[in-house]
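Given the sequences, and given the hints that come with them, work out the whole structure.
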Amino acid sequence: MDKLQLLLLLALALFAIGLLGVVIRRNLLVMLMCMELMLNAANLSLVTLARQTDTSAGAVLVFLVFVVAAAEIAIAIPIVLLLVRRRHTLDADAYADLKG
Amino acid sequence: MAHLLTWIVVLPLVGFVLNGLLGNRFGKSFVTVVGCGLPLAAFAAAMACVLDLIAGGAREPLVHVAYTWAVVGDRTFEVAFWLDRLAAVMVLIVTGVGSLIHIYSTGYMHEDRSYARYFAYLNLFLFFMLLLVLGRSLLVLFVGWEGVGLASYLLIGFWFEDAEKARAGKKAFVTNRIGDAGFLLGMFAVFWALGTLDMDKVNAAYMAGPPPAVAASVVGVLLFIGATGKSAQIPLYVWLPDAMAGPTPVSALIHAATMVTAGVYLVARMSGVYMHAEFASSVVAVIGVATAFFAATIAVVQNDIKKVLAYSTVSQLGLMFVAAGVGAYGVAIFHVYTHAFFKACLFLGAGSVIHALSGEQDIRRMGGLAKRIPVTFVTFAVATAAIAGIPPLAGFFSKDEILWYAFASGKGGSPLLWAVAAATALLTAFYMFRLLWLTFFGRSRMSHEVEHHVHESPLSMTAVLTILAALSAIGGFLALPHWLEMQLPLPPVPDALHHFEWPLLVVSVVIAASGLLGAWYFFGNDAARAQRVHAKGLHRLLSAKYYVDECYERWLGRPLVWVSDRLFLNVGDRMLLDGTLNGLARLAQRGAGVLSRIQTGSLHRYVLFVLAGSAVLLLWSIGRV
Amino acid sequence: MSDAAWLNVVLFLPVLGTALLLFVPATRESAIRTLTLVAMAAQLVVTGFLYAAFDPATPGLQFATRLPWIPAWGVTYTIGLDGYNVLLVLLTAFLGPLVVAGAFTAVRRDVKLFYCMVLLIQFAMMGAFVAQDLFLFYLFWEAMMIPMFVIIGIWGGERRIYATFKFVLYTAFGSILMLAAMIWLAWSLATPEGALSFAFTDLYQSRLPLSTQVLLLSAFGLSFAIKVPIVPLHTWLPDAHVEAPTAGSVILAGVLLKMGTYGFMKLGFPLFPDATMVLSPLLIALAVVSIVYGACLALVQDDIKKIIAYSSISHLGYVMLGLVCLDLVGVQGAVVQMVSHGLTAAGLFLMVGMIYERCHTRELAAYGGLAKVLPVYSLFFMLLTLASIGLPTTSGFTGEFMVLLGAGTAGWQQYSQGSSFLLASSAVAVTGVVLGAMYMLRFAQGFLFGGERVPHGPVLDLDLREKAILVAIVAAVFWLGLFPAEPLAKTELAAQEYRQLVTTSRLPGNAP
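Residue numbers (the working numbering), protein chains in the order written: chain A, 1 to 100; chain B, 101 to 725; chain C, 726 to 1237.
Hints listed in this document are in silico derivations from the structure and should not be mistaken for laboratory results. Ideal Cβ positions, reconstructed from N, Cα and C, are used throughout, including at glycine. Check each hint, because a few of them may be wrong.
Covered by chain B, according to a simulated footprint, are these stretches of chain C (three or more residues, beta-carbon under 8 Å) [claimed, not checked]:
(1) 815-824
(2) 1048-1057
(3) 1089-1102
(4) 1118-1128
(5) 1149-1157
(6) 1210-1219
With a straight-line Cα cutoff of 27 Å, these simulated DSSO-like cross-link-like pairs (lysine-lysine) come out [what the hints assert, rightly or not]:
(7) B:511 <-> B:301
(8) B:128 <-> B:265
(9) B:128 <-> C:1097
(10) B:265 <-> C:1097
(11) B:128 <-> C:1192
This is the structure we're talking about:
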């Protein structure tokens, strides 16, 4: 197995961990972190493949994902904070009534 | 002179506008001056035009194009006025009798609160009637035709606070509209065949040259449907008796002398078509004679003075159509002309009686009025004799001519037609003298209070009555059919029948006399007998007017409402359309209700769904490779 | 400014008005009313000049503006006046100020929002009429729905939510179909290089196989038929009318319904001539059914607004009949009938609004003998009733007469070629004339005559503002009834072109 394939496997592993975390963990902050993990897994695969195909599009896309991730966190954390202030819990299921 | 034609029509319209807008502000004398002055001016203008026409030998019509109403492609619709001999007769009747009745109205309606409105409507009627008479094309005629229907509607329902009267107006309008639908179709048929609506061109096309694409009888029957509405013939006559709800001068002007004769005028005006429409002509004659007889039988038992006259009008109109149906158009117009005088005189006389009796209309509560209101009595008697056909009054001449042609015309005359028409004449004489006796002779049957107030009408009314009575007396000496013959040729009479002319003349006189004697026998010695006749058998059938109104209501009116309400509204709109729609909406709502259970609010489950979805997609894409 | 710019002025004046309204505080209601009225009046004045300057002898567009808009899709901003829309544009501009003035006293809540909506819908309607690009047309067509939704939904009656939903769902359903058909049409006409065009003039050149034409006409047709509305797609109309405030009803009956028939005339039939020929028996049947069915239903309604709503269905059936019969007189009559119905129905709804403001009920049985109490009101009401019945000298007569004459003439021609369907249908349509008299007189009778019954009386007769509104409408009604020659001349070339387009087959095989 060459290095690139290993890197792709790593990305897959990261993504799987992130996904599993989102599905089974109830803590909102952990869920957010896991989502970051998944994004980064995607980033990793993007740069790897960019390297493999010797193009720059993937690398450029990574910067876009960074921006999106930053923006997402910048909004998500305050929302979580506001929620916690109201109900004093980080359990995601406690907010199930937000479905409307 | 031709441009004066427009003025004949427009002058009453000016009166309508002035009275309608300013009448209430400027008071009664203003209304009187405008309301009577402009019809008189129209009469003067009409007279000038007719004299001009005669001076020119009355061979060429006066024509004036007012303006072009519409142009579509190569079709032009013009508003043009056309004065020939036929129109000349009609225009003089309309403006002449019309003006007289306006003058009469100043007395009759003097006390009415809505004096200005009354004269506005009356002027409006004249405007449309003149449009009808002077129009060159069927379109203009139709505008007038519908317009007089409107004026009639407004005037029948003049005292609209009484829902019953307003309803009579509506009935008149709707019934007329049924006829108008036929008229429209007839007009369209003409247009399909010839691409023009100008009646002179239509007549010419049917008279000469290759037969147009639409058969003359089709046009004839369709237009006659219109005529049955306006001229109150079977089956659309039912509105006219109810139309008596209007003020009496209106009944005289619109529902006796002018508007209701429009149908006869139409047939005469389209004589070029009818001459070549054998079938349509026989329809006209048969319907005419049936209506004449039928209405006369009803008139025999009516007790409302105006209702008797109304059924008599229906009957007389039927006779006019008999003449038109056998090709004697000039004779029909002759009867229109004499009828205008004596029937207007009768109605106005009836109005004078009603005026004298403070609104009483039931002849069972009259009697002995001859000495109390002598002018009314004399004029009424003259007109009665005229309509009954007592020689040498006007009605005698025209009625005799109708009977003669019903018998002898080479275009559909027959002894049977004559017999029914003669029976009608007999009934006419009978019920008219019955009316005369019950109203003016015998002992008074009035209530004490009414009797106390009996008074002769003012000069404005009696003067008009006198003029009309005089015209009813001498009007017959004008040989109108002969004058019209150049335009409306009389039908040929088979040589073999010529020797019947004098015997038949004698028979008509005998008929009139026996009607008079019959009435005298039944009502002359004891006028109260009418009160004792009990409603049974034939009498009840006649009093109930053959239950025609009830039948129409039951078989036409109610089914229409039932279909509209039950079938269309409840089953169609509410059940089928809205039901389906609301059902679909409920279905969608319920489906959404089921689906919304998936939305639990649990983030973990959502992610699982996403995961499962992605997995399926992944597997599917792998499977495809 | 060039002539063409003035049409843009007409189109965008309501938008300008809306923009200015945003700067007026919501509490200054009279200023808001005045400003809206001024904007509408200005629009009417400019439209009047354009109408006067419209040359009847020039075929095609006048005062046209053509600008590229979304070049990638071939969408252009093309507007212009032609014989198809000139009268409808005038009608729209004419009714604008009347709607605004009519709502002066009726609307008391959220005045600013209300007038913004009225201006926006005016913009959208005007836009849909002057648009000469299908994409643009579609945008305006959709845009009309939103202000109407708001107007009925906020200022409507008790069941307004039900009515708005019904209205929106019906029209949205139609719009979706039209959108799909529009895209399909544009794609199937794309050049080999993939260039699209939505311009009407290009679409008129289309050659499509019959099956495609039928499909597309059905999609466009459903959308238009819902707007007209044609039976059996009409049930949204009575509900919408009953619940809508007066201004909403007036806009709906006066202009919005004409959008459907205009759509048929400008797009539906000319775009798919062969499909039109195939479907014409169905269309004729539906038109006649609408005439009779609407009239019958109007005969048994107890709510005065419903009577007028159902009468609209009947009257627009005449328009459809005139358009489908393809006789020049009939087509011209259809155009007149559109304007005539716009005037009379708008006038009647305004009058119903006036009496509703005074008496607070729409139940026919609650009224009686108004002629005695409100003579001026009754006079105008009678005039509009007569116009609605189609009495000669009013606009209703011009429209109905020409439609029936045209339909009959075409029917006669088909009859002599062996098909009696259209002839029979025209004869049935004539019964609408009788039914019209029956339901309108039943209405007027119960309303104006008989014993005096005035709910919440005593009430005052019309004031100067109301009289002015009605005088304007009645004057227009008589103008079209007595002197239709001039407006007819302006639409003549378009009517001829319409006939030409619809009667010329455009199947792919045919030589051009």
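Comparing the hints with the structure gives:
Chain B is given as covering the region 815-824 of chain C, and this is violated because 0 residues of the stretch bring a CB closer than 8 Å to a CB of that chain, at least three being needed. Here's how the region 1048-1057 of chain C fares: 3 of its residues keep a CB closer than 8 Å to some CB of chain B, so the rule of at least three is met and the hint holds. Taking a C-beta to C-beta cut-off of 8 Å, the region 1089-1102 of chain C contributes 4 residues in contact with chain B, enough for the three needed, and the coverage statement holds. Taking a C-beta to C-beta cut-off of 8 Å, the region 1118-1128 of chain C contributes 5 residues in contact with chain B, enough for the three needed, and the coverage statement holds.
Only when three residues or more bring their CB closer than 8 Å to a CB of chain B does the claim for the region 1149-1157 of chain C stand; here the count is 4, and the claim holds. With 4 residues having a beta carbon nearer than 8 Å to a beta carbon of chain B, the region 1210-1219 of chain C meets the requirement of three or more and the stated coverage holds. Of the supplied pair hints, the one linking residue 511 of chain B and residue 301 of chain B holds, its CA atoms being roughly 24 Å apart against a limit of 27 Å. At roughly 25 Å between alpha-carbon atoms, residue 128 of chain B and residue 265 of chain B fall within 27 Å of each other, so this suggested pair holds.
Distance restraint check for residue 128 of chain B and residue 1097 of chain C: the Cα-Cα separation of roughly 19 Å lies within the 27 Å cut-off, and the hinted pair is therefore satisfied. Between residue 265 of chain B and residue 1097 of chain C the CA atoms are separated by roughly 15 Å; this keeps the pair inside 27 Å, and the hint holds. Between residue 128 of chain B and residue 1192 of chain C the CA atoms are separated by roughly 26 Å; this keeps the pair inside 27 Å, and the hint holds.
Against the hints set out earlier in the document, a violation occurs for number 1 only.
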